[in-house]
Structure formats: structure tokens, C-alpha cells
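Engineer: Listed here are the chains, written in short residue letters.
2 protein chains.
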Amino acid sequence: MPAVHHKLLLEDALQDSPQTRSLLSVFEEDAGMLTDYTNQLLQSMQRVYGAQSEMGLATEQLSRQLIDYEKKNFALGKGDEEVVLTLKSFAKTVGELNSLHSELAHQMADSMVFPLIQFREKDLTEISTLKEIFSIATDEHEAAMVKYSRLPKKKENEKVKSDLVKEVAYTRRKQHSASLQYYCALNALQYRKRVAMLEPMLGYTQAQVLTTIWVTTH
Amino acid sequence: MPAVHHKLLLEDALQDSPQTRSLLSVFEEDAGMLTDYTNQLLQSMQRVYGAQSEMGLATEQLSRQLIDYEKKNFALGKGDEEVVLTLKSFAKTVGELNSLHSELAHQMADSMVFPLIQFREKDLTEISTLKEIFSIATDEHEAAMVKYSRLPKKKENEKVKSDLVKEVAYTRRKQHSASLQYYCALNALQYRKRVAMLEPMLGYTQAQVLTTIWVTTH
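From first to last, the protein sequence lines are chains W and U.
Here my numbering is used: the first residue of the first sequence is 1, the next is one more, and so on.
Here my numbering is used: the first residue of the second sequence is 1, the next is one more, and so on.
Just so you know, these hints were derived from the structure itself, not from any lab.
Honestly, I wouldn't trust all of these hints.
Mimicking DSS-like on lysine-lysine, the simulated pairs with C-alpha atoms at most 27 angstroms apart in a straight line are [what the hints assert, rightly or not]: (1) K7/W to K72/U; (2) K122/W to K72/U; (3) K78/W to K72/U.
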């Protein structure tokens with residue numbers, strides 16, 4: 001891993017040197033890897049959430065099934081009272097576990113899956129939007145430069161030349177402004193990613209702790 | 001629900017009266033309902049087991065995913081040591097939960113699903129096999145009776161008649177023997193069904209208790 005600066009300096013944006021471009025590409029590569037990793041992590045977390053949610057639904061069905069024994073009105077049902085009562089008490093326990101599993105699933109959705117989705121939708125999407133804007137501004141500036149450089153060196157072109165100089169300056173300002181925003185977002189991502197990676201797992205752990213408390217107090 | 005005897009008396013099998021047949025049909029209806037209920041209960045339990053098993057696989061994947069963060073070698077990975085360490089410690093916790101979920105799934109398979117499958121495969125299948133054998137023996141006996149009753153009352157038929165009497169007696173013995181086995185199995189089912197209904201839920205509860213112990217000692 002090359003030793004790199006961990007910050008894109010905003011004052012370097014104006015000069016837009018090859019060194020700055022090279023550092024930018026490192027930040028972009030990192031953001032791309034982070035996007036891939038976030039998608040994989042999110043997929044794993046959604047799988048855990050899905051299993052937890054299914055656990056809630058499955059225990060709910062089992063609880064109902066146990067209660068149904070009585071409703072079946074078995075042809076030889078007399079004398080089944082004990083079985084009916086015991087199955088009902090099991091149904092109650094399973095019902096409580098169902099509440100627990102459903103609560104745990106809700107917690108996971110809120111404290112684990114949601115923060116990571118938000119990170120992806122907000123922070124990572126912002127990066128790709130700003131990258132797009134920066135890229136368009138760069139293209140426009142380069143197009144203006146090309147037009148200017150191809151201008152015939154004749155006296156009567158002074159008006160056109162003056163307009164083109166204005167266009168070059170305008171697109172340069174636009175590109176500079178876009179790069180400032182882009183650099184800012186890339187720098188911020190380096191800080192936000194730590195919270196983004198840890199927050200969902202804190203939520204997961206918190207949900208598990210709440211379960212432990214629930215289990216030990218019941 | 002009609003007041004019924006809860007036992008098919010074996011001594012009634014020989015006479016095979018309409019009353020006995022009527023009582024038999026009640027036992028058969030009950031066994032049929034029990035088979036339906038067992039299939040539904042088994043389906044619910046397999047769903048719970050499936051969810052528990054998926055929970056194990058999902059947490060295993062999440063644990064691996066958390067460890068993978070380090071292996072990604074992020075372009076700006078320097079300074080990520082803290083995130084890597086924290087994610088690793090989360091991975092350890094999730095890994096322990098994975099062991100727990102997998103163990104719980106195994107327990108459920110062994111102590112909840114398996115006993116009910118065994119009840120279905122052994123006891124309920126035995127009932128339907130014996131019912132089939134009893135039905136065939138009854139048909140054979142009735143066929144012999146019909147043949148005997150249609151025998152012309154002539155002197156020269158004595159040999160044929162004597163053979164038919166033997167056949168009627170033989171098929172009657174066979175049917176009697178089949179009915180004894182069938183009655184026995186139907187009577188036994190009434191006792192076994194209580195254990196069969198409660199044993200899987202005891203297994204389920206035991207698995208949950210083991211979880212509680214695990215959770216509170218970790």
C-alpha cells in the first residue's frame with residue numbers, strides 16, 4: 001500500500017496538477033471499494049434480518065398450530081384435556097418467543113440495516129453524483145480550451161476571442177467549484193465510513209443485548 | 001362429541017358386530033385427524049427449524065463479511081486499524097452467535113422434528129399398513145362367504161363344500177388376526193399420541209433453555 005495523504009487539499013483543486021489528479025484517483029478507488037464492500041455487507045445484514053424475521057413468522061405459525069389442536073375436535077378427544085392444556089402452555093411460550101423474534105427483527109431493521117442503507121443512499125450516492133458533475137464540468141472546460149486553441153490568430157477575431165476567453169474562465173470556475181465539492185465529499189467520506197461501518201454492528205449488538213435481558217428476565 | 005369407549009376390546013374382534021365396526025370407525029376417524037394434524041404440526045416445526053438453520057448460515061456469512069473488511073486492502077486503508085479491530089471483535093461475537101444458532105438448529109432437528117417424523121413414519125404408517133391388511137383380509141373373507149352361499153345344494157358338491165368351509169374358516173382366522181393387530185395398534189395410538197404431541201415441544205423448550213444458559217454464561 002503506497003503511503004498517501006489522507007486528505008485532498010482544497011487549495012490544490014485550483015492548480016489541478018497531475019499529482020493532485022493521481023491522489024484523487026486513489027480516493028476514487030477507495031470510494032469504489034467502499035461501495036462494493038457496503039453492498040456486500042448490506043446483503044449479509046439483510047440476510048440476517050430476513051432470517052430473524054422468518055423466525056418470528058415461523059414461531060407465530062407454530063404457536064397457532066399448537067392452539068389448533070383443541071379446535072380439531074378429535075373424534076376421541078375426551079381425555080385429551082391434559083394434552084390440550086400442555087400444548088396451550090407451550091403455545092404461550094412459543095408466542096412469547098415470537099414477540100421476542102419479531103422485536104429483534106424490528107430492532108435489526110432500524111438499528112442495523114437502516115443506517116447502512118442510509119449511508120449508501122446518502123453518502124455514497126452523493127459521491128457518485130458529485131463525480132458525475134465534476135466530470136461534466138471538466139469536459140466542458142476542456143472543450144472550451146480546445147475551441148480557444150483552434151482560434152485563427154487574426155485581428156478580426158478579437159470579439160470571438162474575447163468571448164472564448166470568458167467561456168474558458170467561466171467553465172474553469174465551474175470545474176473548480178465542482179472539484180471543491182467533490183474533494184470535500186471524498187474527504188468527509190473517509191471520516192464517515194468509520195461510523196458507517198461500526199454503527200450497524202452496534203445496532204446489532206444492542207439488539208442482542210436487549211434479547212439477553214429479555215431472556216433472563218422471563 | 002359422543003361419549004365413546006376409548007378402547008377397542010380385542011374380544012369384540014371375533015364377533016365383528018355393527019357396534020364394534022361403528023366404534024372402529026370412530027378410532028379410524030380419530031387416527032385420520034391425527035395424521036392430518038401431525039402433518040401440519042410437522043410443517044410448522046420444519047419451518048421453525050428452517051428459520052433457525054438459516055439464522056446460523058446468515059450469521060456465519062455476516063461474520064465472514066466483517067473479517068473481509070481487512071482483506072479488501074482499501075486504497076486508503078492506512079488509519080483503518082481501529083475499524084478493522086472493532087469489526088474483528090464484532091465478527092467474533094457474531095461467530096459465537098453463529099455457533100449458538102447452529103447448535104440450536106441441531107437441537108431442534110434432533111429433539112423436535114425427528115421425534116415427530118418418527119411418530120409419523122412409524123406409528124401412523126403402521127396404522128395405515130394394518131388398515132390395508134385388515135381391509136384385504138375382510139375382502140377375502142367376504143369373497144369366500146359369497147362363494148359358499150352361492151354353492152348349489154347338491155350331494156355331489158360335498159367335497160367342494162368342505163373345501164369352501166375350510167376357506168371361509170381360514171379367511172375368517174386371517175381377518176380375525178388382522179383385526180386384532182389393527183385394534184391393538186389403534187388402542188396403542190391413543191396412548192402414544194400424547195407423548196408424540198408433547199415430546200417435540202419438550203425438545204423445543206429444552207433447546208431454548210440451553211440457549212438461555214448459553215446466553216447468560218457468555
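Engineer: For a quick check of understanding: which of the numbered hints are violated here, in increasing order?
Structural biologist: 3
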